[in-house]
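Enquirer: First residue of the sequence shown: 8, per this note's numbering; consecutive thereafter.
Please keep in mind that the hints were generated in silico from the structure rather than gathered at the bench.
Derived pair list, reagent style DSBU-like, types lysine-lysine, alpha-carbon separation capped at 30 Å:
no.	residue 1	residue 2
1	Lys566	Lys626
2	Lys403	Lys31
3	Lys462	Lys227
4	Lys334	Lys284
None of the values given here were measured: they were computed from a predicted structure.
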Amino acid sequence: MSKKSKILLLTIILAGCNNQMNKKAPLIPMEDFFRNPDKSSFQISPDGQHIVYMKPWKTRMNVHVINVEKTDETRLTSLEDRGIYGYGWLGNNRIGYAKDDGGDENIHFFAINIDGTNEIDLTPFENVQTRMIDDLEDDPDHIILGLNKRDPRIHDAFRVNITDGTMKLIAENPGNISGWMTDHDGNLRVAITSDGVNTSLLYRDSESESFKTILTTDFKVRVDPLFFTFDNKNLYVASNRNRDKSAIYSFDITETQEKELIFENDQVDVSGLMYSKKRKVLTGVSYTVAKREIFFFDDWRKDIQNKLERKFPGYEVGITSFSKDEKNAIVVTYSDKSRGTYYSYDVEKNELNELAKISPWLNEDHMAEMKPITYTSRDGLTIPGYLTLPVGSGGKNLPFVVHPHGGPWARDSWGYNSEVQFLANRGYAIFQMNFRGSTGYGRKFWESSFKQWGKTMQDDITDGVNWLIDQGIADPDRIAIYGASYGGYATLAGLAFTPDLYTCGVDYVGVSSLFTFMESMPPYWELYRDMMYEMIGHPENDKELLAASSPLLHVENIKVPLFIAQGANDPRVKKAESDQIVEALKTRGIDVPYMVKDNEGHGFYNEENQFDFYREMEKFLEKHLIKS
8 MSKKSKILLL TIILAGCNNQ MNKKAPLIPM EDFFRNPDKS SFQISPDGQH
58 IVYMKPWKTR MNVHVINVEK TDETRLTSLE DRGIYGYGWL GNNRIGYAKD
108 DGGDENIHFF AINIDGTNEI DLTPFENVQT RMIDDLEDDP DHIILGLNKR
158 DPRIHDAFRV NITDGTMKLI AENPGNISGW MTDHDGNLRV AITSDGVNTS
208 LLYRDSESES FKTILTTDFK VRVDPLFFTF DNKNLYVASN RNRDKSAIYS
258 FDITETQEKE LIFENDQVDV SGLMYSKKRK VLTGVSYTVA KREIFFFDDW
308 RKDIQNKLER KFPGYEVGIT SFSKDEKNAI VVTYSDKSRG TYYSYDVEKN
358 ELNELAKISP WLNEDHMAEM KPITYTSRDG LTIPGYLTLP VGSGGKNLPF
408 VVHPHGGPWA RDSWGYNSEV QFLANRGYAI FQMNFRGSTG YGRKFWESSF
458 KQWGKTMQDD ITDGVNWLID QGIADPDRIA IYGASYGGYA TLAGLAFTPD
508 LYTCGVDYVG VSSLFTFMES MPPYWELYRD MMYEMIGHPE NDKELLAASS
558 PLLHVENIKV PLFIAQGAND PRVKKAESDQ IVEALKTRGI DVPYMVKDNE
608 GHGFYNEENQ FDFYREMEKF LEKHLIKS
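Produce the complete structure using the sequences and hints provided.
Expert: The following block contains the structure:
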């Protein structure tokens, strides 16, 4: 081939690639993004003989089990009112699962045999919340649960028989314990207390002894126990004591001191310590900068990871569970464009068998890329985030959905996000940002958010939007803000405090008044009330601050359409939070469509309710953002 011919061929190839890049994705039905998974959440039994997973039945996620040969599938649960929160193996022949009633978060814990027999509610109490403390992997007959049936504000610890539901109190909460921890033998030996401002670490040598306080810190100083050392004598902790970023240490109980530094990262907090129970070794740590990263201590586990990643280039690869002998595992692969695929994995043979694609009806080629970005706030902080542009958009002068996360003391991460992909498919660019206070970036970044709701926290969002405009990416006349929980608050704050910045907003179970929010906290948050006062503000001592930061009290500034969605049973952000802002806006003649679901809580869980919400959101955004 001549040089001229080669150049011509290269030009044709590049032109074809460019055309492909500029080609818009086909319109995908909204339901395809929010349908229940085909199958998901696979776990292998301790003996490696069975695999359990979630699968829809009558539109609700129910537990199913299959043997490793993938024959004889059995549906274990038949829930029709509401799907399951979570589940797990209780030995080799029994499954435990959790559910609530209509989103009220009064979670019950059930157990059932893998042949579908002897299904019982282990916590058959009204208006009682259950928390898992330890599934007692080495005890086939018991688990340890926390129950607030004696006092709704606190949880006592019970050892519960998984076959007949009989329970024995093993530790009564004196009124200030916020968490419990067992050793590797299943003995309850560590407790965490809080008075709202100070946190204490309590310890005992055996369950026959009383707990004694061994360390007390301000709540901003974290010495979080992860698990016991393998001799059950000391602890591994994630600690930010005398440092900004949390790091992994061994912790000497007698000396109450961090000893050996196991791992640190100078950019982010580290708390994800992994270990092999069979071999009694630490295997690695996981942490998230822009994407998830893993550092391995253990050559055996590192070798497995390397083998798997070679099989799936361009995908994130994780192991969700091992059999007890570590010969078999469940592997999941995913990316920003793929919801994920599950595999069973024979470790010794290095052989994979596909179990299921979570959403096989979605084509990865039609999904949008999520790109990590950073920008600078007006006071000089580096704010990390993620930018997703519609496929084939060209990347300029786009309609935008600004999407602050909930929490607020949480963070957004890279990976597949159904909301993001749905909005991108509809032609919107999506902007997610980890504003100050987002967790994982160290103590200083977190503390900079205290008493800053609606202020510098909101400024970080505003500065990001202005950055998008300055870059020419966002059309300033077509910017919506949408969020849930704290993100819903940020939506209301954005419309109230920067009324000229947004074209419309969508508030999903968001806080409208900091006064009513603080008054209506669920009883099991009571231990943290003083901490919330320090982080958000005190209704009396900081009255002016809370008033200045409550969108409801500045509703006269809101002048653009607002869509609000709320669960009637929400125990965290009460329905009254949405009722009051809706009423105030209606009085002013603002377009404020309002969706309430009577069988939901803090966010919509049931498939049909999600469909209703996103269908109305799509109509709302199209009406206000798409130029005719």
